[in-house]
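Undergrad: Each chain is listed here by its residues.
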Amino acid sequence: MTAPPAIELSSIAKSFGAVRAVRGVSLRIESGTIAGIIGENGAGKSTLMSILFGLYHADGGEIHIGGVPVRMESPHDAIAHGIGMVHQHFMLIDSFTVLENLVLGVEGGFLLSDGMARTRAEVERLSGEYGLSVNLDARVSDLSVGEQQRVEILKVLLRGARILILDEPSAVLTPQETDRLFLVLAALRERGVTVILITHKLREIMAATDRVFVMRQGELVAERRTAETDPHELAELMVGRKVRLQIDKTPTHAGSVMLRAEHLRLVDGRGVPLLDDVDLELRAGEIVAIAGVAGNGQTELLQVLAGMRAPTSGSLTICERTFDAHRPGDPAGRRAIGLAHVPEDRLRQGLVAPFQAAETSILGYQDEPRFNPRYFLDRPAIARHCRDLMERFDVRPRLPRLRSSQFSGGNQQKLVLAREMAQEPRVLLVGQPTRGVDIGAIEFIHRELVKARDRGCAVLVVSVELDEVLSLADRVLVMFGGKIVGEVEPAGTDERRLGLMMAGASE
Amino acid sequence: MKLARGPLPRWAEILLLPLINIALAFLVVGIIVRIIGVDPFHALDRLVLGAVGSPESIGYTLYYATNFIFTGLAVAVAFHGGLFNIGGEGQAYIGGLGCGLAILALDRYLPGWLMAPIAIAAAALFGAAWAAVPAWLQAWRGSHIVITTIMFNFVASALMVYLLVNVLIAPGSMTPQSRNFEPSGELPALPGSALNLSILLALACCVLMWLFLWHTRWGYALRAMGHNPEAAHYAGTDLKRMTLLGMCLSGALAGFVGVNELMGVHHRIVLDFPAGYGFAGIAVALMGRNHPVGVVLAALLFGALQQGGAELAFDEPRITREMVVVIQGLVILFSGALEHLPRPWLAVLLPRRG
Amino acid sequence: MDDLAAIVFLTAAATLRTATPLILCAMGGLFSEKSGIVDVGLEGKMLMAAFFGASAAALTGSAWWGVAAAIGAAEIMALLHGFACITYRGNQVVSGVALNILAAGLTVVLGNAWFHQGGQTPPLEQAGSRMLPIFFPHAGDNILVYAALASVPFTWWLIARTRFGLRLRAVGEMPLAVDAAGVSVSWLRYRAVLLCGFFAGLAGAYLSIAQNAGFSRDMTAGQGFIALAAIIFGKWQPFPAFGACLIFGLLDAVAIRLQGVRVPGVGEVPVQFIQALPYLLTMFLLAGFIGRAVAPKAIGVPYEKEH
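Residue numbers (the numbering used here), protein chains in the order written: chain A, 225 to 731; chain B, 35 to 388; chain C, 64 to 370.
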């Protein structure tokens with residue numbers, strides 16, 4: 225008899241509304257190993273692990289921990305079964321010391337002193353064992369991100385976890401910090417801890433895991449011993465053989481440069497670079513797509529280009545106007561020179577939920593003379609404008625006076641897209657053009673984007689959908705870690721190569 | 035306890051929920067009246083009669099309602115921008131100061147038709163200026179508007195006491211108040227009541243606020259900021275300047291209380307004339323769902339309570355005028371802080387389609 | 064020389080007398096604010112406590128029953144605030160304002176109905192119905208003054224050195240982390256709000272049955288807000304907040320002494336200016352002109368579980 229697996233999942237399924245996030249996944253993870261779960265955004269890996277950790281309830285399926293069937297009602301159950309999770313966003317209190325963070329919830333008695341002393345001794349033992357050194361009396365806000373992550377791991381270990389789930393642990397780490405993390409993980413494995421690593425980075429799978437599970441569209445599509453596979457195979461499995469959408473479009477006749485970014489940098493409050501020396505050129509009459517896994521700087525790039533955020537350094541020329549860190553401009557100024565922007569998170573940034581659809585249909589254009597003949601907003605004209613947008617983009621129901629929040633998600637999306645595309649801008653920035661819209665609308669939106677291009681508009685599309693990127697774009701730029709890591713021609717490019725670039729595995 | 039937080043049908047949100055909240059507040063008022071030993075229905079009877087039983091009482095009801103309209107609108111307009119102005123009290127006080135100073139300076143030289151607009155503009159200007167400081171502190175210095183507006187109420191009060199005791203006091207007067215205004219500094223009032231032309235100003239403010247909020251691009255931007263600052267930023271609105279604009283409008287509206295009180299009734303600058311109207315404005319705005327029409331209706335109710343409550347206190351020695359303050363507090367509690375209280379029950383009773 | 068010593072002693076005593084309700088209120092408010100619940104309702108709690116304290120003391124003739132009633136009244140207000148803000152996730156500022164207004168009205172309405180003295184309670188003339196000075200008859204050093212002094216190290220100890228305090232600080236900074244650690248956010252916040260009620264109750268009792276011999280309408284006169292200012296001025300820390308209370312108390316004591324006195328080089332300092340000084344100083348602090356006051360991060364935000 226061999227020992228039972230640390231974790232055994234059978235036929236786990238979970239839907240959110242109509243979206244089947246996890247579709248009957250079964251897997252076994254042996255005790256004392258490091259398992260990787262890899263997949264694109266939305267492949268279901270995080271949902272699956274949230275079910276294991278008790279954050280979500282599975283619609284069906286069973287979970288066995290160490291051979292025993294268990295029910296995960298909440299994270300407390302998971303913790304009781306020795307499962308710990310290190311989230312992408314740390315649950316650490318910035319103003320507390322490391323020790324205070326560690327002791328929270330396991331204080332022991334009413335007086336802190338005993339629990340603090342005990343925890344201190346315990347941590348010293350653990351950090352010696354696993355190389356998790358950290359200054360217990362430092363404030364969390366003074367720690368580097370890598371150190372904060374070590375605190376999170378210590379927190380989990382202090383609570384007696386024998387199974388450790390790490391959700392995209394390297395997303396916020398430098399390569400050196402990542403290497404150090406892997407040493408810690410190896411040390412944990414040595415002592416029989418089971419580690420699950422959720423990631424979309426191939427390099428990390430190859431460097432750290434014993435076994436890898438590939439997920440795609442909610443299903444487990446492959447399981448490999450890491451030693452017996454290679455990044456090329458994994459990239460292919462991850463991306464799949466996608467049916468390339470057919471879009472009728474003629475070859476581009478790119479004109480003059482409408483938007484040029486030079487050495488664009490954006491650094492956040494902690495000093496982490498979000499955009500790192502981005503150079504970019506966008507010409508009239510072409511569609512340039514930016515491919516990449518979410519969170520690699522695309523969102524920030526769009527915000528800087530659209531004037532919503534000032535860059536830290538570098539310069540930007542849009543329609544012959546130059547902007548930089550000192551004169552970053554603002555969204556209104558960008559619109560005035562003919563730039564339109566469909567934000568990625570349309571429901572949060574692109575519309576005001578309690579506003580009537582007609583009001584949402586002029587968001588950003590409310591100052592234009594056509595809506596303000598004199599002092600007052602011309603409400604009939606706005607309603608006509610809205611109805612016109614609704615007709616052209618098939619937004620239903622066609623009721624300009626209905627509140628924006630009362631439209632279905634897909635129709636809200638279309639309303640925002642319609643608003644920005646109908647302006648016939650000279651430069652059009654589109655984040656995730658088809659996120660949240662139905663299949664029929666996807667085709668329509670793509671056709672409209674191509675039409676805009678043919679009119680001479682310079683179109684920049686940011687998308688995490690590879691097939692969309694490849695079928696729509698005239699040129700594809702790949703972003704990784706806040707940098708543009710390469711440019712490919714969509715025609716001759718296979719997804720595997722693109723997948724490798726997106727995962728930061730090769731140039 | 036699990037609380038259902040789904041949206042209710044629109045008519046329930048706009049009508050039913052506020053009415054239930056008010057009903058709950060009045061239920062508690064009834065219990066308090068009972069505890070005091072007065073029959074609540076008898077009290078209600080006296081109150082209604084006191085509020086609308088005679089032309090004089092209706093006049094007083096409308097005069098009180100005028101103040102409530104001003105402060106209710108003040109709170110509402112700031113709410114539309116996502117700003118919680120609890121400094122209406124101080125802004126009314128300082129607005130009155132502006133109004134009074136203008137009159138004291140000019141009433142001997144100007145005719146009434148010229149004096150009134152100048153005094154009204156001064157009230158708006160001073161009220162707006164008093165609100166602009168907290169707005170500036172929030173938008174540019176990051177201190178929260180709620181705390182600063184509270185503090186500004188006290189600063190305004192201290193300033194007014196100082197000015198009235200030391201500077202503006204009428205020569206030879208024992209009470210801290212200014213000299214009487216000349217007739218040109220008085221607003222025509224209905225004989226036998228305090229109702230004066232300010233009520234027209236109040237109604238005009240309602241119309242103007244409605245036009246501003248829903249029919250101008252600035253009102254549009256202000257509401258966008260209130261509902262979703264991120265989207266407003268995306269739409270090119272300068273959030274700092276919009277914060278300043280929203281608070282200045284709010285302060286100007288609150289400042290008009292000074293017009294009604296000083297030009298309309300007292301005819302001189304007196305102490306403590308805002309008398310809680312600024313705080314009551316929160317109740318009015320909450321009850322009126324921040325809409326000018328709702329504010330007018332709520333202000334009429336509060337005006338009637340104020341007047342009826344005074345009459346009731348006169349008739350019924352066991353009840354004092356402060357009963358109205360209790361009602362205001364309960365209305366704010368139930369229709370503001372506890373507005374979600376009936377929601378789970380309503381959600382069960384009124385299942386939403388789809 | 065004796066004169067100077069006497070002046071110093073009397074000023075110190077006067078400072079402590081005016082600072083006592085501020086200290087008690089500020090310590091109470093600290094618990095609430097540290098847990099992430101804004102309390103602009105300190106004023107109302109204290110007023111309600113002062114009224115019920117004086118009423119009970121007048122009716123029973125016992126100051127201790129007065130203190131108990133004061134605490135009870137403040138706790139009911141605190142529970143209402145908790146109910147609105149924690150259970151029903153209402154707006155904390157709206158709730159505080161509502162409770163202030165309610166207290167301002169209800170104390171007068173009930174006072175008038177019960178005692179028929181225009182909202183006042185009967186003067187506490189009976190022996191034992193009022194807290195009296197313990198050591199110095201002229202300094203007003205009654206037991207509640209000492210309670211206020213003791214409340215500061217107690218608050219510090221509870222917040223800094225106990226499990227409850229650690230969790231309290233955590234819940235005001237990041238309730239999600241507390242929840243994830245398996246600790247109930249609501250129960251923690253309720254306990255904080257109840258502690259706040261306890262101290263605000265003592266502060267109210269001090270006003271009506273120790274410092275004064277009975278309740279009079281609006282007798283808190285903004286002291287709840289000054290306490291709030293002291294919390295902010297003390298950057299949400301017990302000892303600095305205590306220091307702020309002493310400064311504000313001293314300002315008040317000095318304001319009374321300075322009335323009508325010409326200060327060399329400055330002229331007559333308006334009393335009102337000194338009265339407004341706590342607010343002005345706090346605003347300067349908030350605006351970042353003198354250091355930075357950093358509030359607990361999650362303050363004012365109702366906690367909602369995501370799933």
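Treat the hints with care, as some may be off.
The following label-pair restraints were derived from C-beta to C-beta distances [said to hold, decoys possible]:
(1) B:213 with C:74: 34 to 42 Å
(2) A:369 with C:306: 47 to 55 Å
(3) C:306 with A:337: 42 to 50 Å
(4) C:191 with B:349: 23 to 31 Å
(5) B:49 with A:626: 13 to 21 Å
(6) A:369 with B:306: 37 to 45 Å
(7) C:71 with B:309: 38 to 46 Å
(8) C:336 with B:62: 40 to 48 Å
(9) B:45 with A:616: 47 to 55 Å
(10) A:626 with B:200: 41 to 49 Å
Everything labelled a hint here was simulated from the structure, so no lab data went into it. What you are looking at is a predicted structure, and each value in this text was computed from that prediction instead of being measured. A virtual CB, placed ideally from N, CA and C, is assigned to each residue, including glycine.
Undergrad: Each hint should be assessed against the structure and marked as holding or not.
TA: Results for each hint:
1. B:213 with C:74: 34 to 42 Å: The hint (34 to 42 Å, Cβ to Cβ) holds, given that residue 213 (chain B) and residue 74 (chain C) are roughly 39 Å apart.
2. A:369 with C:306: 47 to 55 Å: Violated - the Cβ-Cβ distance for residue 369 (chain A) and residue 306 (chain C), about 37 Å, lies outside 47 to 55 Å.
3. C:306 with A:337: 42 to 50 Å: With Cβ atoms ~26 Å apart, the hint is violated.
4. C:191 with B:349: 23 to 31 Å: 39 Å, violated
5. B:49 with A:626: 13 to 21 Å: 19 Å, holds
6. A:369 with B:306: 37 to 45 Å: 56 Å, violated
7. C:71 with B:309: 38 to 46 Å: 41 Å, holds
8. C:336 with B:62: 40 to 48 Å: 41 Å, holds
9. B:45 with A:616: 47 to 55 Å: 32 Å, violated
10. A:626 with B:200: 41 to 49 Å: Hint violated: Cβ distance 59 Å, outside 41 to 49 Å.
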